[in-house]
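Make the full structure from the sequences, and use the hints.
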Amino acid sequence: MSPFAILLLRDTKLAARSGGSAALALSFFALVATLVPLGIGPDLRLLARVAGGVLWVGAVLSALLSLDRLFQGDFEDGSLDLIALSPLPLELTSLAKIAAHWLSTGLPLTLLSPLLALLFNLPGPATGFLFVSLLIGTPAVSAIGAIGASLTLSLKRGGLILPLIILPLLSPVVIFGAGAVSATLDGLDGTGALELLAAFSFAAVLLSPFAAAASVRLNLGS
Amino acid sequence: MITFLTAEKLACARGERRLFDGLNFRVKAGQALAVEGANGAGKTSLLRLIAGFLAPLSGRLIVKIADKEDDDAEERGKLVGWLGHQDGLKPQLTVAEQLDFFASLYRSKAGAAVLEQVGLARQADLPCRYLSAGQRRRLALARLLVSRRPLWLLDEPFAALDVNGQGLVAHLMAHHCGEGGIIIAATHEPLGLSNESLKL
Numbered sequence: 001m002s003p004f005a006i007l008l009l010r011d012t013k014l015a016a017r018s019g020g021s022a023a024l025a026l027s028f029f030a031l032v033a034t035l036v037p038l039g040i041g042p043d044l045r046l047l048a049r050v051a052g053g054v055l056w057v058g059a060v061l062s063a064l065l066s067l068d069r070l071f072q073g074d075f076e077d078g079s080l081d082l083i084a085l086s087p088l089p090l091e092l093t094s095l096a097k098i099a100a101h102w103l104s105t106g107l108p109l110t111l112l113s114p115l116l117a118l119l120f121n122l123p124g125p126a127t128g129f130l131f132v133s134l135l136i137g138t139p140a141v142s143a144i145g146a147i148g149a150s151l152t153l154s155l156k157r158g159g160l161i162l163p164l165i166i167l168p169l170l171s172p173v174v175i176f177g178a179g180a181v182s183a184t185l186d187g188l189d190g191t192g193a194l195e196l197l198a199a200f201s202f203a204a205v206l207l208s209p210f211a212a213a214a215s216v217r218l219n220l221g222s
Numbered sequence: 001m002i003t004f005l006t007a008e009k010l011a012c013a014r015g016e017r018r019l020f021d022g023l024n025f026r027v028k029a030g031q032a033l034a035v036e037g038a039n040g041a042g043k044t045s046l047l048r049l050i051a052g053f054l055a056p057l058s059g060r061l062i063v064k065i066a067d068k069e070d071d072d073a074e075e076r077g078k079l080v081g082w083l084g085h086q087d088g089l090k091p092q093l094t095v096a097e098q099l100d101f102f103a104s105l106y107r108s109k110a111g112a113a114v115l116e117q118v119g120l121a122r123q124a125d126l127p128c129r130y131l132s133a134g135q136r137r138r139l140a141l142a143r144l145l146v147s148r149r150p151l152w153l154l155d156e157p158f159a160a161l162d163v164n165g166q167g168l169v170a171h172l173m174a175h176h177c178g179e180g181g182i183i184i185a186a187t188h189e190p191l192g193l194s195n196e197s198l199k200l
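Just so you know, the protein sequences line up as chains A and B, in that order.
With the working numbering, letter number 124 in the first sequence gets 124, and the count goes up by one each step, no holes.
With the working numbering, letter number 45 in the second sequence gets 45, and the count goes up by one each step, no holes.
Calculated from the structure, these hints are not laboratory results.
None of the values given here were measured: they were computed from a predicted structure.
No residue lacks a Cβ here, since even glycine has one placed at the ideal position from N, Cα and C.
Among the hints, a few may not be true.
To be verified - From the structure, some residues in chain A lie toward chain B, with a derived Cβ separation under 10 Å:
1. Ser2
2. Thr12
3. Leu14
4. Leu65
5. Arg69
6. Gly73
7. Glu76
8. Asp77
9. Gly78
10. Ser79
11. Ile83
12. Glu195
Unchecked claim - Simulated crosslink set (DSSO-like; lysine-lysine; CA at most 30 Å straight-line):
13. A:Lys13 x B:Lys199
14. B:Lys64 x B:Lys28
15. A:Lys13 x B:Lys109
Said to hold, decoys possible - If you want the footprint, here are the derived chain B segments under chain A, 3+ residues with CB under 8 Å:
16. 24-37
17. 102-109
See the structure below:
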């Protein structure tokens, strides 16, 4: 197996095992999505109206829970030194970590979302758009999150600053993702928003490994 | 194969403090260099500098490999076998998983023989959280062996090890030098090799 695949596999394994973050993110997402309808009450039209926004914000916040550990676990126990000295360039290391984070949080969240959409009485076509928007938008959450995680790498309580850095950068994802869902509710075509979301996500996944690698390099020298 | 590693007028600062200045040394293939000095003298910083994590304030580090001299930090990193003062082990992974991961990452092979060599053959399927400090150190040594790198940078190689373990480290170091490798070790104890030493 290539070094990239082996790192991806190892990080996914760590997230899935005890003490990992995959189950945590998923339960947090499910709990938030359950509490909101309880708080708003049985107004079915209102629930369907807010579903896209609430589920998107919930997904971003759940993904955020495990983002601060993306590099930090390896940094604190010295593994990151060893990974940095391996033949795998740090850019690809970052990409592998982004992919592992998406596989262990973004993808499960996306798969769970149609079930949670039922709680919001979201109609079928809109649920489809929600699913697709999460599928193409959550990689951007992991990718931009990786930049934040690498910047706060050597801070003791970096997890507290991380949301302040990345949430503003994630607003386009939430706007286009939730926008696609509400456009469909209004009988409009949501594909335009999805296309913009896909473009944003593509650029984020392509470029952020470089930013993250540069910042990891700085932190290894600190 | 690596021929030598040379430091020319190397200087290093952490924050406002200058750790060392005008440092010159040369280590040839098959030689070991013991870096000695009080706590905080910059031993670990020197190792991180050689590994390319830190940039020197001034001066150069040159590696001669296959008749070519090179002072690129990134290229030098590809020669380094690293044994830091942290073990870099994940509590959730088993000993064998841990070693296989690093072997594949370094495009190398981990056999059961390596675990046998460091005395961890019976613990192969044990998650690392159950290992003692000395056993963790032995696993880190196994990882250093499977990395198959010519330039070993060791930070306190004898730490946490029992008498047998210290003998093992001495044996492995002698073997590495015998094969034409280079060792630079930050240590408070004698390496047990006919090595040069550098006082920081």
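How the hints compare with the structure:
1. Ser2: holds (8 Å)
2. Thr12: At 12 Å from the nearest chain B Cβ, Thr12 (chain A) fails the 10 Å test, so the hint is violated.
3. Leu14: This interface hint holds because 6 Å falls under the 10 Å limit.
4. Leu65: It is violated, given that the least Cβ distance between Leu65 (chain A) and chain B is near 18 Å, above 10 Å.
5. Arg69: violated (12 Å)
6. Gly73: The hint holds - Gly73 (chain A) has a Cβ within 10 Å of chain B, the shortest such distance being about 8 Å.
7. Glu76: holds (8 Å)
8. Asp77: holds (5 Å)
9. Gly78: holds (3 Å)
10. Ser79: holds (4 Å)
11. Ile83: holds (7 Å)
12. Glu195: violated (38 Å)
13. A:Lys13 x B:Lys199: Cα-Cα ~44 Å, so violated.
14. B:Lys64 x B:Lys28: holds (9 Å)
15. A:Lys13 x B:Lys109: holds (21 Å)
16. 24-37: violated (count 0)
17. 102-109: With 5 residues in contact (Cβ-Cβ under 8 Å with chain A), the coverage given for the region 102-109 of chain B holds.
Checked against the numbered hints given earlier, the structure breaks hints 2, 4, 5, 12, 13 and 16 and satisfies all the rest.
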